[in-house]
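Residue numbers (my numbering), protein chains in the order written: chain Z, 2 to 506; chain H, 79 to 387.
Please keep in mind that the hints were generated in silico from the structure rather than gathered at the bench. Remember, it's a predicted structure, so these values are computed and weren't measured experimentally. Please note that the accuracy of each hint is not assured.
[To be verified] Keeping only pairs whose Cα atoms sit at most 25 Å apart, straight-line, the calculated SDA-like set for lysine to any residue is:
no., chain 1, residue 1, chain 2, residue 2
1, Z, Lys209, H, Asn251
2, H, Lys285, Z, His151
3, Z, Lys280, Z, Ala202
4, Z, Lys209, H, Ala293
5, Z, Lys280, Z, Leu261
[To be verified] Far from chain H, by Cβ distances over 12 Å, these chain Z residues were calculated:
no., residue
6, Arg64
7, Ile144
8, Glu146
9, Ala199
10, Val204
11, Trp329
12, Asp357
13, Ser371
14, Leu476
15, Gln479
The beta carbon of each residue, even a glycine, is placed where N, CA and C say it ideally should be.
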Amino acid sequence: MFVSPNTVTFSVELPEGTLDPAYLGESGKVSVLANAVSGSMDIVTPAEVAALERVRAGEAVDRELVAGLLERGYVCTDLAEEEARYRAIVDGYFQAIQEAPFQFMFIPSFVCNLACPYCFEGELTTRSPRMDEEMIEAAFDTIPEIQDRHQNSGPPYITLFGGEPLLDTPYQRGAVEQILRGSYDRGYPVTAITNGVALDAYVPMLLKYGCEEVQVSLDGTPRTHDTRRVFRNGRPTFELIERSIDVAADAGIRVLIRVLIDEDSVDDMPRFAEFAQAKGWLDHPKIRLFNGFTKATTFLYVTPDHPEEKRKRMVRGDVKAGLQEAFWRMVQQNPLVDRMLQPDLARIRSAVLEGDRLRPNLQGCSAGTSVVAFDPNGKIYGCPETVGRPQHACGTFYPEFSYAAGYRDPWRHRHVDTVPMCRDCNVKLFCGGGGCPIKAWAANGGDFNTCYCPKVSSITTRVETQLAYLLPMALRRQQEHANRPEGEEGTWEQMTRVGSFPWMS
Amino acid sequence: MGADDTRGFVSLDELIRPGTSIEAVVEPAACGCAPATADEASGCCVAPEAALEAVPADQRPVPVETHVKKRYDALAVQGTSTLCCSPTSVYTPEELAEIPGWVLELSSGCGSPMNAIGLRPGQTVVDFGCGAGLDLLIAARRVGETGRVIGVDASMQMVRTARRAAREMGLRNIDVRVGDIRRPPVREASVDVVMSNCVLGMFPDKKEVLHAVAAVLRPGGVAVISDVVYSDDGPPPADVAAGESAGAEDFARCVVGMTESQYRDLVLGAGFGSVDMRSDGLVPYRDGAQVTSAMIFAYRDDSPARPCC
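Excised from the complex, chain H in its bound form (with noise of 0.2 Å):
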């Protein structure tokens, strides 16, 4: 029988054997996002239960970061994140220019590490959780043509989404790469900026992210994160601080669960030289605990003589 007879052979939908169906990579819709004030942190998310409640039984429990992937997934292609927070308040009309609107719908984060850290001409920058990749778009340009940005996201559809905007505006130095930022898909040593932009709240060992984080820092090198604490002064809710983890819905608006003490201990245990956080004030969440929107530097080495900003 010759390599291209056909004759008995089976179609790949065929060849499947009953309750093995082959997987689709678009799962059904959730929202998620970052608060900045209280009342969007109450109001302005799918409660995360019902998107649970699409998964089949007996595919529970589902991990955080497969949750979170399929809901980034699912906004990815519905084309807009109809999520809490705008650009437009991080970001100048001049800095949004020319960045295609779909892009701005589907941009998520609250933070601006951007905004916190000088890009220079020639650097290369990667960013953790690149979504829809408007902070690419703006840091490839900020770099120049003879720097670097890379993107990194677990939502292939959002992947594609920012490889299309970066097409679009013929920006040529943006390489966007699916992948998990516990495991990242980029060369140890590569990189001198590393941004994070409301991202790593949603995983839940974020001592293993942030290892990945310092692994791809060049010596010098710095990491400009923004995330969602809790306040010191005002400790987090008993079932996270009895190391329970935060639950699902604190997962699905960013918080992170933990406090800034404990977030500062967990970047200088992960590898980082120094550390630096500052906070954007506070605002009450659940159980009487107050949430502040957080901006982390970690230095790869001790902190710059002279800081960047």
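With the rest of the complex left out, here is chain Z (with noise of 0.2 Å):
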């Protein structure tokens, strides 16, 4: 018998009471085991922990303990048969990306009409070249090409991006409109991300040609949003935003809201939240909103040529983990922020809420496996952060094309697997493995197959974090369901609720 290489033990300090007093360990944490492999997740007695350990020191365990352990994938009696489930799971990933929609990004300008302090393209916006029809076109023409290179077959979308694409302006108009007809005409879906400040002018546009859903964002209720997302005159832009944002949902177009928060913006949410609650946001079918957080990018400066020193300071900084106490903190006296937002930061809400199948997370970004940006320099690149930067470049598509495919497959394909250092880690499956790829590769040399990720206790602490938050309202639900009298739970609830986590031994 041996202990799962995936299996991982949370502890988790829970409200008194949420729990029988029996669960709880020594230090008055209750421990989670959870198996990304296995799909399980559960909430154990100190005993089953116990267990577990002596299964791993190779000593004699009672047999009825260990069977539910077993059942649960937590050990397994052939350490080979374990490699082959996480084999097939890192190659069904492998498959998947191969398969997987490639998002082309084509930003027709930098230029954008706000000036929020925290914009990672900065300057960039400020002045740009503008694609004209002849580089729209080849950008169009170096889809097949690159999804050539990549034995790709999945069909392709395209999104509007920035600077700001949905500017109002004749020449705007007409690139976008070019964008959004070609990518009509060839059946490839259209998004866009946009500040949402002249949404509603563009809405007939994006319904001629079937765009279906656009992202905007909002940085918390009026009076903070407009100390922050201006024009660059200063005037405020939340009205013209929020009625962009009526405009288009009323009109049958998807409308992602990006609710950014930092530092000085958390303690806003609660009020933001009623806003949008009294908006009717919040049950609007055709609206969803979700958190972002402001971060450092100053990683997009550096480059593997410079000296080490600098490589790893600049690389430094992302979220901060204050940020992130504050924001758990804030959302755990604010059911309604839950509600809005749904916040989801270790990715285990459907597991622990919906009774969905614990999920591997073999990449933590999804920017090099699947996008692909056209910069109004006839550039291309591969992750939305570092456009217009040419030292991250990873080819041309006007006048010619060219692309080093060699340099982006890596990048491409990286994962748990093929970063040494996560191979060996025990929480690399609740990571996706070695952080930001392009801060890895600017860290180390050059190598996309290496790490740069927050330590392992940080990923650990994120996880018993987001459990601290959601385990309580599993088990009120839980409860919930329990005291209701026979004959009231539909089919569906009865499912949901057998299936839901917390499996309690």
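Starting from the two chains in their separate frames, assemble the complex, guided by the hints.
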């Protein structure tokens, strides 16, 4: 009998009275076992944790205790079989990447009418070349060439990106219409990532060419938003964006609202949730809100040829741990914010609340696997955050096509098993493996199959923090179901309850 | 550090680590054609093996589709196909009038799907594997200003050539796109007629291509495909019959690795309602088998009560 290499023990602090004290360990915390290969996650007793450790040490164990651990995949009888199960997941992921759609991002120009202080494109947005008709056509021509080089068979989809793609100017309308028409004629689905200021003016055009979804950003209530997300002359934008969201959603376009949060705005979220509820956005079938965090992007300015000290220093800093703690504290006290954002930083929410199988996370960033961005200089990029920085370009689409598939392939295929350091890491399937690929590449001398990640302890903490948040919610729901009179529960509810975490021994 | 600060930035070329060179599009030349006679079938092509030798050993095996695409890219740059087939044997001098000479030089399809079907003004037509665009240019005149002609070709160089021809002839109803006809950049159910002139034969998985053809046709639409198939009476060589498909040589010569009746079954299995096949007569091919240049009419629904021709 062996402990599965993919079994992780999380230690979660829960409010007093949440669970039977029999489940609490000496530290007063509850143990949660999880195995992303078997898809299991369970609250276990201290006796079961001890049994697991005895198995790990090769000692004799009570058969009844082990039976449960074996059934849920935390221990196994054959390590080769366990390795085969892990390998099947890795191979399945590789196959899925080959067939997954590429997201081709068109940047007609870098110009943006806003001056957000945290914008990662910075000075690029004040002056920019433009994509002309020939460049846009060349970008479309490049799509099958890139798919061919990566042997990708998925249907491509197009995203309008900037700068601000939906500027209400004659040039931008012409370029955007050419991109939309080109996508429509080719049968490629198209979306737009916009600041939303002039989205309403574009709604008829978006509908004409079958655009079904756009993403806009808000920074919180008007009071907070209009101190940050403003026009270049300082004029506020909230009302314009609010109107655009309503116009687009009422016209049938799905609107994803990214709520951008940082230390200054996190405490504004409860008021913003009330605003969103009063607007009817929380229940609108075409509107979904989700959270994003502002982050440091100094890593964009380093490349593998820079001195090591500089590289290591510049790639440091992402979302600050303090911000995440403040965020969870705020959400815990404000169920309406949870309803609005349904936050899932550790990607375990549906497993805990909906009874889904715990899903392995093999790649922490989808940009490397699926993004190709065309910028108005004729260059091709593999990550939307790097656009406009020529040192990060991986090819050109105009005036001639060239593409460094040999540079891009290791990036595209990077996952927990291609990074040697990750391969032996116990929490790799909760992290995605190796952190940001561009940071790893820059920090480690130009090798994508290296690691730039937060410490393992921070991955564990991330999962434990979210478990501490979700478990009381899940247990409360379970209790509510149990207290309901028989016959009041529908079939779907019964199924959900039967399948849902927390499973408890 | 500002965004426009270039200190420490490296050029794109320097960025690429050893062994990860940037790939350019243009590739070494080879040849391809469709045979009308046994002599042509045996004599006009550059042996594909020779073209394969130009590919570094560590990059083999090259998929057939890639091999074909590279070949046509090279032909477009070369400016002449030097192939066995001439458009003057397919189209009238009136139809070829005003067509740029270099388009005629690059034309390499031996079939004549355009002459097998009566295009009407206002129709939307797509040519799968349009090459330098000869059929596009003629079709554009037939469907008129209210119609639309779309060309799809995997070779970027051929697409550029076809666009240049359309511009020179002032035909504004032509839209040429780079694309793989197994996953054509054409909206589903958006065209009336698909034509394809000696192109499907170059694809090992014809079922995949035929599904794509059916998908872009509107209800009531028709695909007119010319291909070189084996006779039902003279079965394909053993390697083909054994399911190993055709060799690279067969693909280079556009000889489809199946018989007429196998082709018919494949079309019907790909989502078409009915199929008609017409043969131009048999010529001997390798291993004692016989091939014919066939015209396949694949109807999205049932055959029209009154044939179009």
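Evaluation of the provided hints:
no., hint, result
1, Z:Lys209 - H:Asn251, "20 Å, holds"
2, H:Lys285 - Z:His151, "22 Å, holds"
3, Z:Lys280 - Z:Ala202, "21 Å, holds"
4, Z:Lys209 - H:Ala293, "22 Å, holds"
5, Z:Lys280 - Z:Leu261, "19 Å, holds"
6, Arg64, "53 Å, holds"
7, Ile144, "7 Å, violated"
8, Glu146, "7 Å, violated"
9, Ala199, "24 Å, holds"
10, Val204, "21 Å, holds"
11, Trp329, "33 Å, holds"
12, Asp357, "32 Å, holds"
13, Ser371, "16 Å, holds"
14, Leu476, "48 Å, holds"
15, Gln479, "46 Å, holds"
The structure fails hints 7, 8 (numbered hints given earlier, in ascending order).
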